[in-house]
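Residues per chain, in single letters:
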Amino acid sequence: MHASEAADKWERLVTFARRKLSEHSFHSLTATSTPADFNGEVLTLVVPDHFTARWNEEKFGTELASFAPQALGHPIALKFEVQQSQPQRVQMDLFVEQSSDGARHTKGHAIRLNARYTFENFVVGRSNELAAAAASAIAEAPGKVYNPLFVYGPTGLGKTHLMHAIGHAIFARQAERRIRYLPAEDFTNAYIDAIQHRSMQQFRRQFRELDVLLVDDVHFLRGKDATQEEFFHTFNTLYEAGRQIVVTSDRAPADIPGIEARLVSRFQWGTVVNIDYPDAEHRTAILKKKLQSDQLAQAIPAQVLELLSQNSQGSIRDLEGAVVTLLAFASLRKQPITVPLAQEALRIRGIQLHAADDNSRSVPARVTISQVQATVAALWNTTPDGLRSKSRLRVLTLPRQAAMLLCRDLIGATLNEIGSSFGGRDHSTVIHSLQRAELEASRSRDFELKLTAARQMLSSEVTQTKPIRRGD
Amino acid sequence: MRITISREKLQESLGAVVSSVPTKSTLPVLANVLLETTDRGLRISATDLDIAVSVEAPADVDVAGTITVPARKLHEIARELPAAPVRLHTVGEQRLNVECGQSKFRLLGLPKDEFPAFPPVEFGKHTSIPSADLHRLISHTSFAVSVEESRPILNGVLWELSQSVQRMVATNGHRLAKFELPLASASGIQNEQFIIPPKALEQVRRLFPEGEEVQLGHAENHLGFQSPVATVLTRLIEGPYPNYDQVIPRDNDRVATVNRANLTSALRRMAIVASDQTHRVRLSFNSAILRFSVQTPDLGEAQDEMQVEYSGDPLEIGFNGMYLLETLRYMPTDDVKITFKNPERAATIEPSNWSDSAKYLCLVMPLRLVD
Chain R
234 MHASEAADKW ERLVTFARRK LSEHSFHSLT ATSTPADFNG EVLTLVVPDH
284 FTARWNEEKF GTELASFAPQ ALGHPIALKF EVQQSQPQRV QMDLFVEQSS
334 DGARHTKGHA IRLNARYTFE NFVVGRSNEL AAAAASAIAE APGKVYNPLF
384 VYGPTGLGKT HLMHAIGHAI FARQAERRIR YLPAEDFTNA YIDAIQHRSM
434 QQFRRQFREL DVLLVDDVHF LRGKDATQEE FFHTFNTLYE AGRQIVVTSD
484 RAPADIPGIE ARLVSRFQWG TVVNIDYPDA EHRTAILKKK LQSDQLAQAI
534 PAQVLELLSQ NSQGSIRDLE GAVVTLLAFA SLRKQPITVP LAQEALRIRG
584 IQLHAADDNS RSVPARVTIS QVQATVAALW NTTPDGLRSK SRLRVLTLPR
634 QAAMLLCRDL IGATLNEIGS SFGGRDHSTV IHSLQRAELE ASRSRDFELK
684 LTAARQMLSS EVTQTKPIRR GD
Chain V
332 MRITISREKL QESLGAVVSS VPTKSTLPVL ANVLLETTDR GLRISATDLD
382 IAVSVEAPAD VDVAGTITVP ARKLHEIARE LPAAPVRLHT VGEQRLNVEC
432 GQSKFRLLGL PKDEFPAFPP VEFGKHTSIP SADLHRLISH TSFAVSVEES
482 RPILNGVLWE LSQSVQRMVA TNGHRLAKFE LPLASASGIQ NEQFIIPPKA
532 LEQVRRLFPE GEEVQLGHAE NHLGFQSPVA TVLTRLIEGP YPNYDQVIPR
582 DNDRVATVNR ANLTSALRRM AIVASDQTHR VRLSFNSAIL RFSVQTPDLG
632 EAQDEMQVEY SGDPLEIGFN GMYLLETLRY MPTDDVKITF KNPERAATIE
682 PSNWSDSAKY LCLVMPLRLV D
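Here the protein sequences come in this chain order: R and V. To convert, count from 1 in the first sequence and add 233; that's my numbering. To convert, count from 1 in the second sequence and add 331; that's my numbering.
To be clear, the hints were calculated from the coordinates, so they are not data collected in a lab. Any given hint could turn out to be false.
[Claimed, not checked] What follows is a list of derived Cβ distance ranges for each label pair:
#1 D282(R) <-> I484(V): 21 to 29 Å
#2 T357(V) <-> D282(R): 43 to 51 Å
#3 R581(V) <-> Q316(R): 32 to 40 Å
#4 R581(V) <-> D282(R): 32 to 40 Å
#5 E453(V) <-> N422(R): 29 to 37 Å
#6 I484(V) <-> Q316(R): 21 to 29 Å
#7 E533(V) <-> T263(R): 27 to 35 Å
#8 A561(R) <-> D582(V): 36 to 44 Å
#9 V557(R) <-> A689(V): 37 to 45 Å
#10 E533(V) <-> D282(R): 36 to 44 Å
#11 N552(V) <-> S369(R): 42 to 50 Å
All C-beta atoms in this analysis are idealised placements derived from N, C-alpha and C, irrespective of residue type, glycine included.
Given only the sequences and the hints, what does the whole structure look like? Please build it.
Encoded structure:
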């Protein structure tokens, strides 16, 4: 029934379109497209090959859809699909795969994507949600939105993972797309090779006829002027042809030293997104996902997971390293994985554990929780011990909430860290306290002033020591 | 140029090169042969730009010189001349007088400068290969090359030379022939790989009779074969050749041993009624009986059967009968061994009980039985 309905809609749409399109366009459209399906919103048209699908979609897709309200009385979307059921040839061929599975496998392998780096394995958190959203939008419609996409952030936070995931997703959907993933260093090497073997022509063809170019760690191009120039032209060719480009770097485009301004400005044309360090919950989620995919989920108890995610500050690679150390430790000692064992393993990795009364974080030269506590206690005429106590007297709860807020804002401490530093409170209690503090700050002038004072006192302490910037 | 040559030698040499003169060409000089005097006599060359062939014939040279003249006309003249010495002498740059007994011809030619030069190929650095080996390699494989233009790489025969083995492979994607011979250790050839147009190999087979040593020469994308009398130069097809090794089945578990002559005659009978387009013949193997059947709409049907040795589950499989017949024609033994996996995988055909240092293997891809 859908087919006949599709034919009817198509008939009415092209009758209308005939008046709007040029003779030539009209013929090229109707000669290649056959209505196949209509589901109430989307009219699917079958075309003979991928080129035609793309061509028709780019050239006529939007325009035809805009005719629909007038031609059909209601809006519809158009989708061009490649004819799947090509008649099987009678004579089988030695070099043409009988099943498409085998061919896919080899091609996927050829573009050098890591099979583990997929969107399914990517854990989205606050620090990377923008990047993840942009990446999946690109995977849906390469070259259409967010082109180029520039992802930056410190090493080991999943930039490469996202890139591979884009490659996988596009490949899964349209295996015929020419996708190329490579680190910027490989681009440089390929370029040098091309110069050496005088195969520039081939080099250019190789890169400028791609549908999707994924270049990792583009900051490696710094100071390599000739390569940058070649990359610049490759970039322009692809960009002008509407091909998708994704680039990653360890810092924002303008901050990469030794990169030409015109290249920087190209990077900034599209979308620039940042991936930052994950927070503790996000780290736990990442750990869980990783252990699941490694079939280790049963082996590590929940408390240990929490300990690990709290005590590895930095990158996800660091986190994974901690797990590996712990597993090695457990198997060498032939002991089950427990909290004390994990603590020992972490100490071996040189990570300083922060317990409730220790207060030090492994990131140096920052305000510590105990400094915050001392400052707040002084301003509110109470004691740091009082802030850490279980007491819920109002004279203590208000400064405690203020201190928690400062710990979050100034230190970026996680909810669990804050909770454990303030008398072993649950993270949900901390959330509540932070909300109370914010509410109080908007309500009470006195509270706000004290808070501001505390901020100033604490930040002056920081400027005396070395300021740190992430990503340096 | 002024020379005297025997009629037989002239006709023989022209006959050797005239087949590589293109019948139609946009370049008029390609319809001519190049005549050059050498230390030993007369060299006659022809080319179609892809392949260049030249042979040398003994002759008495009075005055050295060079000219090009229409190949076919000179060949016809040589054929019709009486059995007497032939005198060739040039008048100016473009005219050749041919005199033999009372017969006199004056042929208009073209200056030698217009004849295309082939890139120089250095002989001697490479090894020589017995022409008999070349004959065996070529005759067992070159029939299988593709004649379609869709995959140009398959229009050539792959010749692989490693230190101890040389191998020719040809395929059109539907069937494949691979012939392997041991290579003399003194060859000095290191892992070379050429993709050669079959027309060139045909010339090699014609111009180097068995029992000669053929020198090989290789320039960038040309390959040369040379004996004391004849030279064949050919442009190579640029690779890479598809990975043929990958498509050779290793796990075929249904094995039939079939008499080659009986199988051939049965297939020839079936072929009469088989479709002109697909040449489809259905083969069913069941224990010791092989049944053939053909059904062609608008024409009719045919059945046949024969005794075979067969081990494995019963099998129904379709083939292009022509591919099977061609393959069988070059099989060197009375019986052939045919192996199958299933009706959608390649079948292998090889000699059975063959005591030879060579190895021969053919593949044939099946036809689908249901459209």
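Going through the hints against the structure:
no., hint, result
1, D282(R) <-> I484(V): 21 to 29 Å, "holds (23 Å)"
2, T357(V) <-> D282(R): 43 to 51 Å, "violated (35 Å)"
3, R581(V) <-> Q316(R): 32 to 40 Å, "holds (35 Å)"
4, R581(V) <-> D282(R): 32 to 40 Å, "holds (35 Å)"
5, E453(V) <-> N422(R): 29 to 37 Å, "holds (35 Å)"
6, I484(V) <-> Q316(R): 21 to 29 Å, "holds (28 Å)"
7, E533(V) <-> T263(R): 27 to 35 Å, "violated (50 Å)"
8, A561(R) <-> D582(V): 36 to 44 Å, "holds (41 Å)"
9, V557(R) <-> A689(V): 37 to 45 Å, "violated (56 Å)"
10, E533(V) <-> D282(R): 36 to 44 Å, "holds (38 Å)"
11, N552(V) <-> S369(R): 42 to 50 Å, "holds (48 Å)"
The structure does not agree with the numbered hints 2, 7 and 9 stated previously, though it agrees with the rest.
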